[in-house]
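Spelled out, the chains give:
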Amino acid sequence: MKKSNLRIFSIALVTLLVITSGGLVFGAWYLKGLEETVIEKFEKPFSSFPSKIYSDSYLLYVGINVRVDDLAEKLRRLGYFESSSPPKRKGEYHIARSGAVEIFLHDFDFPTEKRQGVPVRISLQGSMIARIENLATDKDLFDLELEPELVTGLYERIWQERKLIKLTDVPPLLVKAILAVEDERFYSHNGIDPIGIMRAMWVNLRSMSFQQGGSTLTQQLMKNFFLTDERTLSRKIPEAIMALIAERKYPKETILQNYLNEIYLGQKGSQGIFGVSEAAQFYFAKPLSDLTVAEAALLAGLIRAPNRLSPYRSTDAATKRRNVVLTKLLDDRIITRKQYETAVREKLPERALVKVTNDAPFYVDYLRRELDENYSNAVLTKEGLRIFSSLDLQLQRKAERALVEGLKKLEETHPALRRKGDNDNLEGAIIVIRPQTGEIKAMVGGRSYQKSQFNRVFQAKRQPGSIFKPFVYLAALMYGGQSGVRYTPETVLNDSQFTWNYDGKAWQPHNYNNEYFGAVTFRRALESSLNSATGRVAQDVGIRRVRDVAQRLGIQSALPAVPSLALGAAEVTPLEVAVAFSTIANGGVRTRPLAVKLVLDQNTQPLEKRDVRVEQVINPQLAHMMNYILKGVLDRGTATSARRMGFTRPAAGKTGTTNDYKDAWFVGYTPDLLAVVWVGFDGQSKLNLSGAEAALPIWTEFMKSATASMPVTDFVAPEMPPESEAGAASKCGPTSREGELAEACPQPAARPVREAL
Amino acid sequence: MKRSGWKRRHCYSLGAAFVLILAGCAPQRAPYRVPIPPHTIGPGSGRVLPPVPPPAPAPPETVYKPLPQEPKILEQDLKSKAPPASPAAKEPGRQPGSGESRPAPDATASLPPALADDSSLLAKITPGVTPQRAASLRLTDEGSKLLDGGEPAKALDRLERTIVVDATNPYGYFYLAKAQFRLGRYFESLNFLAVAETRLSGEPFWLSEVHALRGENYRAQGQLQRAETSYMQALRLNSGNRTATDALARMQVETPSASR
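Chains as they are written, first to last, in our numbering: chain A, 1 to 757; chain B, 758 to 1017.
Since the hints were made in silico from the structure, they are not lab data.
Remember, predicted model here, so these are calculated numbers, not experimental data.
The hints are all genuine.
Short derived list, chain B residues pointing at chain A, Cβ under 8 Å:
1. Q889
2. A892
3. R895
4. A910
5. I920
6. E945
7. N948
8. F949
Where a beta carbon is used, it is the ideal one built from N, C-alpha and C, also for glycine.
Using the sequences and the hints given, assemble the complete structure.
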């Protein structure tokens, strides 16, 4: 051999050795990486659990009015299925000819107790619940709490819903069925099944289409770890290697258990259904242990194409697939012929899929903002917290509808409000609160969440306009005038032009349309929202006291003590307005606004409970007097159109329009429900509409629908009627926490009001 | 609040009360001067309402009309230690204006007879009661049983429902106060009691319970004088109030000089 050839050979050999050893090192490093991935997935298979947000639960009790349609809708949203006969299984309901509603309740872990599902019957008399029976015990119940609805999940990339189970918890029949259709030779291969691959190739070649896959359960499990459905060689090869590694490192039972917890089995809106336990709940509303042979066969059959074969999509396709699995089970002698025949006859009910679509995005954003203070994003998206809120999804939907349709109608009737493109469109917001508890029942922060996530309920500070006036009148009732006047609803005020000089400046309020009414009663001045009369009252009472009352009621924004404050010149949020008027509606008892009620960890241990907080900040007689006057706003004042639109139940409220017509407001309430509506442009364009024209119709439509099934209640006078001598005296009498007010309480009027003003 | 100011104010109010009593007038109710504590408005938001600014001083000629209702000892009275405008104020052992509110051993001798037990909530469900009130009363009853069973957290959950179903149910507020008390949240308990009190003014039995529970809260906070006065007020409304009787007896034994 020539020397040069030897040299070439040596170089080639060295190169080969280097390449080979490099390849080996790289291969070892690559394998090590895959092994680490497998170990990580097996040791910590499910490290990320989305937190779930629930609505408030729904309490039914004897005597309450219920519309069967509303109840049925609620049940469907809770995942109950209507059956044509009395319900036999958990998660079914039936509406009898008599009108009674029979429900087989789900099991549910309420925050304070675990409820086992039982059959109940709700008998109605007209629209009123006359009786509630527990059919399991034949005992009467006085109330029934339906579980809260799942509003949405908080997750990072993909919402995976799963409930972890042990292999021993899975019915053997389901395991056998899955192995029979997905990987017959599971216990024989080492992660890859060459025989299975060849058989699949043969079947596919014969049919000239993709009929069978050759992946083993272990390979499928590896594929699921990557959370993609990519079918490339660069994905298949590592999957196969990982399958071999997994089989070498873990027993078959561990692999099978992981598979049963990990396998993708369908989609519920944005929520992916993973694992057989979650799937049993999703498709059959029952735990695994209660599955019938037919249901187990269907579940096993769904693995191939969960969405295409889903019974929610097509009962025919699902039935066909189920029967294929049943035949296979019969052929393999896993089930008897009798079992087969019974299962094949079982009819799959047609059910509509109720998706979890997050109907309350603005509300959820508000919740997240509250939760962010105590929980990091990682905790919220990975630790599977259960967050119970005050949200009422039915009211939320009604509020959304009222706002969207109301704004659309406004644009139709007032073309000047329409904007081209997406620039500064007409916007609005609604917040709904239960005054007694401060629970925020609904929140719509804008017209379209997709277009703008700006939540006008708590992020937009706008001038409240005349909505602020009740605070002036309440201050007048509480403190009286500095002139010595003691105000009552019948006090006569002077509604004429005047100038208020302060700090070397002059302020002159003007009435709407520059109309002045001369001598008007206190009550009439508020009902008709007269600026001039209000300004005079504010001047007499003192603007600092007006500010004090507004803050006491719940306004948090900075309120400058200037005369224009009396007519709502300081900017506030709709949320603040809602809290302040809730205090009046609730007899002077201020509550804190509640959106998050309870946070539980994965083990249902409470992390945080926010309970109802109350504080008597205003004398109840005074609060009642304000409610009484504000009822007049709807009955005789600026909001009478609500009555003409068909809202007839006892209610109080106040319209609000800013001087420059940029903001239109209405706040109105029954004793049990308060809603604030704001309409305007984000860019401060002029609306040229009053609160009565722009916000009141939206409020009215919402309240008509929201209160339709609520009992009619009126504001209850406190023990001492305000008109009585005692009541009048008590207006200045301190409640246990109102001493400051008493201190400033004036003498009874000693001279005519007109003179004082 | 500075202690010197507190003392001075008390001297004034005690002196004023003493003069008024000597003149045969009903004592003026001095306002409750503890400023309302900052109120968290957003749940967990940490946002705090600005403190309520102190009101302007009342004109010197201001004279309040006494309320023509069952005289009550309000918190401001407790603070000023002025005797209430009630017959009990003249009971032996009580020294108006002295600051000594501990009753003499025979102080209870002049108390009115015990009221009939009105504690059954279910008995209040009569045919005329609205369905809301009936449901709310049943929920309250359940909540009270949970409280008796030592489950205040569960009870609280149940009792919050009572005011959702019927906000006018005063017993719901009372038991909410009780649940908060059991959970050691005395400030919240006192707030609920303040609401309950305004809604129970026509029911001496329950009003007595309110005062007794208020006493329990004060006692738990270590405000023994206030506690004692609340218990006494409870007994003035219902001498059969066991909570108040037992608590007073316990206080006599445990802290014989508590009020000093």
